[in-house]
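J.: Each chain is listed here by its residues.
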Amino acid sequence: MNAPLIGARIQRKEDYRFLTGAGQYTDDVTLPRQSYAAFVRSPHAHAKIKSIRKDKALKAPGVLAVFTGEDLAAAKVGGLPCGWLITDVNGQPMKEPPHPCLAQGKARYVGDHVAILIAETLNQARDAAELVEVDYEVLPAVVDGLKAKAKGAPQLHDIAPDNTCYVWALGDKAAVDAAFAKAAHVTKLEFINNRLIPNAIEPRAAIGQYSRSEDSYTLYVANQNPHVERLLMTAFVLGLPEHKVRVVAGDVGGGFGSKIYLYAEDVVVTWAAKQINRPVKWTADRSESYLSDAHGRDHHTLAELAMDKDGKFLALRVKTTANMGAYLSTFASAIPTILYATLLAGQYTTPVIHVEVTSVFTNTAPVDAYRGAGRPEATYVVERLVETAAREMKIDAAEIRRKNFIRNFPYQTPVALLYDTGNYDATLDAATKMADVAGFASRKRASEAKGKLRGLGYACYIEACGIAPSAVAGSLGARAGLFEAGEVRVHPTGSVTVFTGSHSHGQGHETTFAQVVADRLGMPIENVDIVHGDTSKILFGMGTYGSRSIAVGGTAIVKALDKIVAKGKKIAAHLLEAAESDVEYDRGVYTVKGTDKKKMFGEVAFAAYVPHNYPHDKLEPGLNENAFYDPSNFTFPAGSYVCEVEVDPETGKVKVERWTAVDDFGKIINPMIVEGQVHGGLTQGIGQALTEGCQYDSSGQLVTGSFMDYCIPRADDVPNFQVDTRETPCTHNPLGVKGCGEAGAIGAPAALMNAITDALGVKDMPMPATPQAVWQALKNKKAA
Amino acid sequence: MSVKISMKVNGKPASAEVEERTLLVSFIREQLRLTGTHVGCDTAQCGACTVSMNGKAVKSCSMLAMQAEGADIMTIEGVAKADGTLHPMQAAFKEHHGLQCGFCTPGMVMNAIDFAKSHPDPSEQEIRDALEGNLCRCTGYHNIVKSIAAGARAMAAGK
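These protein sequence lines are chains H and X, in that order.
Position 168 of the first sequence, counting from 1, maps to 168 under our numbering, and the rest follow consecutively.
Quick note: to get our numbering, add 1000 to the position in the second sequence (first position is 1).
Bound conformation, chain X alone:
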């Protein structure tokens, strides 16, 4: 059975006919061809698929596309400014070498932006706790923690 879905993705309306069982991440990757959102597991553990839904970070692999009906979705492709300038959280990841292979990075950044909204000056422990649902195999998290601390402060300072 297929179903028609409509939502806003990165500020633009997006709609399609999809199978009912289509996951939000599949809709984003396969239908919209926004391939910055990644799939790293099948048990909602790794967080590589994290997107923002109505301002909250969600794992797009663990919900159906039709559950996002009418929602305002932002993916990693929508985070930088229209002119290409990096968001302060993205810039902090670059400055502090918070990424290596880049595969977990979009999910890390999406989760970090949501986290930083409520933690303008987070402690190391708060950041490590907030990363429970985002796995990275390259960085040992050390520089991700530094990046998020700096990114959160930059966001709070309105940079």
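Bound conformation, chain H alone:
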């Protein structure tokens, strides 16, 4: 029998093709007779479109077609749907303004899609796009969420007065108010969770193809969930039968949320492919990515924590304004509600919590899930408050957390979630030790001797992953199920192809999932291939986001494996002339209890496909099974981060000196891959706190529209990470897994800002803590 593969540091199966340039990303696909598209985008944040003249552009060399919103409307192409209905405090549905694929009469953000121009070559398309004459009447714009809901603000949508999409609340307000009234101490913070631009290094891309002979479409697209893309596009926008549309998302160069959504470009190139009867290819340049990929975060929050005299948390009150951008992106409405408010208990026993969220439209790019999606914002609220409370009450920051940790599981929070398991002391104790918190005081003195400031900060985060039980999601407004599907196809000679509805765009599923399968079937990992990302091959899938792939997609595969093993047992019993109840199975070997009789899995597979000696009266030939898995609960990864920074007060430059992360992801299949996910997540979290901040000017122009102006972390912005894990297995899936993809991005900003504010000796400062912002914070402190 082979060595166990679960828990092993197996090198990745997918690496060879990426390392040799053989990956096939969407822009690498070239179809016969392919044409090229360029989008004409609004240069104004808010403008009436008085007229669009195509004639000059149509006469330009190589131009095949120009389509506008009018053409789409005439063809009855619908708008982009939102997949989550939020019901407001008055029981009314959220305001869902139309989200046209090409603007209908009005453009609402810089980069909004106005027309598509299609030509023989990319250069011709881009040149001719400049010749499309759009007559705009510029309107006043609003980009800030708080200003947008104020009286007199420019109004984006007729159906959304005060630009308000919804006011939504969760929790017992009266109980919270009562708890605050008797609190010994209240810690209050007001801050902005800065807007981020995801910036997967592969820009979005889409190629639409239409076959007249089959009357069918194929869309190649950089996307995290091809079946969801197809469902939304066929059922809600183009009105096509699903079986006539194939969506292929092959190799995808990073997603981080930004490639979950159905985008206007995807729809328009698919539709246009039929109009001109040629494939239509569009690839974003980076400037278009900045303008039109769904952004993340952008909350304004007022948060208060009530405590007794010993630092025991009594109540939490949170009021948030969430900026949705100009339109509702695919899952936008759920992010600052379902994925945010429900996480505000954190790792603590805070008995009552009330949160109110107002979501508003502004003249900015749509905002949706970005790595962590609501949970980083929640963690930031809780962990900045807790650290600030500790400082105000002069309690050690680790100690105040221990005073309030949840220790009895399952634990029902006051904000709807039921934590199945966890051990927060284990991760905090380990992190404190690994970070050598005991030695911090002497390191601080050493920094001070050099004229530098040194600070230390914690964050103890929790996240709800493995999204989600469909029934729960449905009751909360989800307009889709959230299960996952998997299929295990055993070939006659015993090798295996697995089809999964999860999608890998860097996560390494081709390795991790193969480990799960090969371990169960007792075969070398080379004998198992994982296929994903093509609706014509995969039976169905809800895709990858919310750290759900192993917990939901992996479990679907395990359920299919259960069926394979069970059928194999019947076959083995027949071959071994034993009662089925006497046959046992362990990693590739069927044995008869109490005897030395056995059959290898490969022999059983062969018998299933060459069924000469086979129980035909009881069984069909073949060995191919699928399963759909709908989890019974979320999973709850949690962990503790300790960050230590050194700040140069002369320049305001922050150097992250030490970073310790101890996470509890439940059982781990491949520690090497998990560590990589943590490193990447931490770096995106460090980016949010230190270098990244989307800025629009007051007229709605995107000021941070390139890698030169919007700084994603470079190699010298981040430290070498010390990472470790503790395992409390998830109680409700067979692998005991919880998911690890977002943790770093969730916990890192709070830990880093806690460290920076500690170093500076200030209560709060805004993210990102750029040298200028840090220098300003120190100057303000001196002046105060």
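Every clue listed holds true.
Simulated crosslink set (DSSO-like; lysine-lysine; CA at most 27 Å straight-line):
#	chain 1	residue 1	chain 2	residue 2
1	H	LYS50	H	LYS76
2	X	LYS1146	H	LYS433
3	H	LYS56	H	LYS274
4	X	LYS1146	H	LYS667
In case anyone wonders, no lab produced these hints; they're calculated from the structure.
Just so you know, these numbers come straight off a predicted model, no measurement behind them.
Guided by the hints, dock chain X onto chain H, whose structure is given.
T.: The following block gives chain X in isolation, referenced to the frame of chain H:
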């Protein structure tokens, strides 16, 4: 206006009639169909398009194809041995999990190979500095740094 260009790419002669404004990366991707060289930005920041020109790592998005006239170009497709065996730098990226989505990887590897020629035993800081022009959004650079350190040493040892 179009212009005829000729160069050597991965050891083989390559020539074509291209528009004068054609970028080297477009020539490599569109004309030669070598799609391992990627385009991740339009401001020469991300480094996904890095190729080797006459032995030096260059960003193929920020030069015209005609500027490479007569040059010896190597792309990621030309790095492994003819029998498919990975170059020591590629092997180090695999061993140390120096890639996730793989999109920045070709540029990282091309830059790392050039860097390693002059840094047979690089320090962590030297590697981080050398990556200033190569962006990765997945790995947090941690394992890329480890990969390049190991790859450089393996190259120096002549593996």
